[in-house]
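Following the hints, put chain B in place on chain A, whose structure we already have.
Residue numbers (my numbering), protein chains in the order written: chain A, 7 to 305; chain B, 7 to 305.
It should be emphasised that the hints constitute simulated quantities derived from the structure, not laboratory data.
You may find that some hints are simply not true.
[Said to hold, decoys possible] So the derived list for chain B, only partly shown, Cβ under 10 Å to chain A, looks like this:
1) Ser79
2) Phe129
3) Gly179
4) Leu187
5) Ala195
6) Pro208
All C-beta atoms, glycine included, are put in the ideal place defined by N, C-alpha and C.
Protein chains: 2
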Amino acid sequence: MQGAKLLEGRVVAAAVHERTRQRVDQLRRRGVEPAVIFFRVGEDPASELYVHMKKKRAKELGILSEVIALPGSTTERELLTRLEEKNRDSRIHGILVQMPLPRQIRVETVCQAIDPSKDIDGFHPINAGKLLLGDPSGFPPCTPAGICEIFRHYGLVTAGAEVVILGRSNIVGKPLAALLLAKGPQGDATVTVLHSQSRQIPEHCRRADFLIAALGRAEFVRGDMIKTGAVVVDVGVTRLPDPALPGESRIVGDVHFKEASQVAGWLTPNPGGVGPMTIAMLLANTVKAAECFAGCGEG
Amino acid sequence: MQGAKLLEGRVVAAAVHERTRQRVDQLRRRGVEPAVIFFRVGEDPASELYVHMKKKRAKELGILSEVIALPGSTTERELLTRLEEKNRDSRIHGILVQMPLPRQIRVETVCQAIDPSKDIDGFHPINAGKLLLGDPSGFPPCTPAGICEIFRHYGLVTAGAEVVILGRSNIVGKPLAALLLAKGPQGDATVTVLHSQSRQIPEHCRRADFLIAALGRAEFVRGDMIKTGAVVVDVGVTRLPDPALPGESRIVGDVHFKEASQVAGWLTPNPGGVGPMTIAMLLANTVKAAECFAGCGEG
Numbered sequence: 007m008q009g010a011k012l013l014e015g016r017v018v019a020a021a022v023h024e025r026t027r028q029r030v031d032q033l034r035r036r037g038v039e040p041a042v043i044f045f046r047v048g049e050d051p052a053s054e055l056y057v058h059m060k061k062k063r064a065k066e067l068g069i070l071s072e073v074i075a076l077p078g079s080t081t082e083r084e085l086l087t088r089l090e091e092k093n094r095d096s097r098i099h100g101i102l103v104q105m106p107l108p109r110q111i112r113v114e115t116v117c118q119a120i121d122p123s124k125d126i127d128g129f130h131p132i133n134a135g136k137l138l139l140g141d142p143s144g145f146p147p148c149t150p151a152g153i154c155e156i157f158r159h160y161g162l163v164t165a166g167a168e169v170v171i172l173g174r175s176n177i178v179g180k181p182l183a184a185l186l187l188a189k190g191p192q193g194d195a196t197v198t199v200l201h202s203q204s205r206q207i208p209e210h211c212r213r214a215d216f217l218i219a220a221l222g223r224a225e226f227v228r229g230d231m232i233k234t235g236a237v238v239v240d241v242g243v244t245r246l247p248d249p250a251l252p253g254e255s256r257i258v259g260d261v262h263f264k265e266a267s268q269v270a271g272w273l274t275p276n277p278g279g280v281g282p283m284t285i286a287m288l289l290a291n292t293v294k295a296a297e298c299f300a301g302c303g304e305g
Numbered sequence: 007m008q009g010a011k012l013l014e015g016r017v018v019a020a021a022v023h024e025r026t027r028q029r030v031d032q033l034r035r036r037g038v039e040p041a042v043i044f045f046r047v048g049e050d051p052a053s054e055l056y057v058h059m060k061k062k063r064a065k066e067l068g069i070l071s072e073v074i075a076l077p078g079s080t081t082e083r084e085l086l087t088r089l090e091e092k093n094r095d096s097r098i099h100g101i102l103v104q105m106p107l108p109r110q111i112r113v114e115t116v117c118q119a120i121d122p123s124k125d126i127d128g129f130h131p132i133n134a135g136k137l138l139l140g141d142p143s144g145f146p147p148c149t150p151a152g153i154c155e156i157f158r159h160y161g162l163v164t165a166g167a168e169v170v171i172l173g174r175s176n177i178v179g180k181p182l183a184a185l186l187l188a189k190g191p192q193g194d195a196t197v198t199v200l201h202s203q204s205r206q207i208p209e210h211c212r213r214a215d216f217l218i219a220a221l222g223r224a225e226f227v228r229g230d231m232i233k234t235g236a237v238v239v240d241v242g243v244t245r246l247p248d249p250a251l252p253g254e255s256r257i258v259g260d261v262h263f264k265e266a267s268q269v270a271g272w273l274t275p276n277p278g279g280v281g282p283m284t285i286a287m288l289l290a291n292t293v294k295a296a297e298c299f300a301g302c303g304e305g
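For reference, chain A alone in the conformation it holds in the complex:
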């Protein structure tokens, strides 16, 4: 039996980066230097690594970036004051606040404090609203946008298809539902969203032409939950102890890869599937913000 074809996020991300680089060049020729600020609060090693990767990639694409690392004791008000400075700074086109934040800082308050026109993470309510209303002028969150870009790259058409999304988070499940439900060739899907309160989850999964797993439950999707030939996207990231290497851990997705690869038609590897798309879409959003600022947006 032939295995599922791989949806290689790294390859798609490289194609997005190449387009972003060209757009950066165009902007520079017009005298606009795309620039992004990454805020980081506290000493989380994973956050440090993520921000480092984003900054490195931005540099490769010619996007100016600055990391503002604040101590873990930073108050909400202090962070908001720093955000406000960057909101007002017309040289800055994108602002990202790396999650997670220390307890004393409310995520919602921070998301709402970023100027929506610089909100490259797409977490501001006004960008979530534009997404729901089908208004393309906003910024879609990076992971859902990356999933749609993978479909586009591989010519996988969602119009009229049965899409089943496992998970209703604000970062993946709900915005992805909005994107795939929107009118147009990249949307037009029949979308069902499942979550912890849902019943008959395996039955729903089995009727999916596109199955997107974003629950955060290790290997939740087994082979017998997948329709033959379906497109399966694994967004989950769970860190489990590695039985082979005591003291070490391994990353496990929401999909049982080995079983899925025998049933699905298309499947994301994990890692190497959705993950690389996130930075790609973040920097594409940054350039979109700079283009809008310069009045030459692609839409």
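Just chain B now, with coordinates in the frame of chain A:
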């Protein structure tokens, strides 16, 4: 065979109005006079009637209201200027612009021009975004909020249930999906949204515990598309020529009422189902806006 029980929107609306009246009284005791502005542009008789009904009901509840009727030749800029005046007027808590608008005025521009904290129709992107993100501080659109209120009134629990929504409009389908997908006893449903591009619509409908028809296609939902005992909500309003009275027309919903009443467990009459809820939720939103303004919001 026993027929479906009726979901009487008029009764539910009366209960909402009574609570709104009490909240108005509380506000007045604290020196706050809830006040709403209705804008109307052009000479559409249906719009005139709708605004008249809203004003009349507002008065009954003790809410101050004013209708600003502008000529059909009003430019977008003129309307925006008038809106801006009312945005700035701290005596006004709610602002509604009656649809439809003349062609020269863009609906999206108008929706985005209303101060989100006065946006009692819930059409501003920031309110749509709060809805999608599960933030209760915004204003939900009136028709979806009214449908949820009907369920609450009759003790119909959506948690874990299969909800199928026919139609993906920005006014009904999409915001209703967001409401029913949200965490909490009024949501927590497994939600599927169907639309013009969907396949196997009858099969989807037949598995629905809650079926909401908001397509605008006369009597689209037949008896054989309904699961026995399901809750069926008919949002559709289509005006058809009346064969019995030449030259006259009759209102037909999206659901074949007679057939549905023999299969469904609960069914909205149409008219008298969802319709009356719209004004009820609009005025409840107005009072919520006034409460937020006065710093005593119910949430």
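These are the hints, each one checked on the structure:
1. Ser79: Violated, because the Cβ-Cβ distance from Ser79(B) to chain A comes to roughly 27 Å (cut-off 10 Å).
2. Phe129: holds (8 Å)
3. Gly179: holds (9 Å)
4. Leu187: holds (6 Å)
5. Ala195: Holds, about 8 Å.
6. Pro208: Where the cut-off is 10 Å and the nearest Cβ of chain A is about 13 Å from Pro208(B), the hint is violated.
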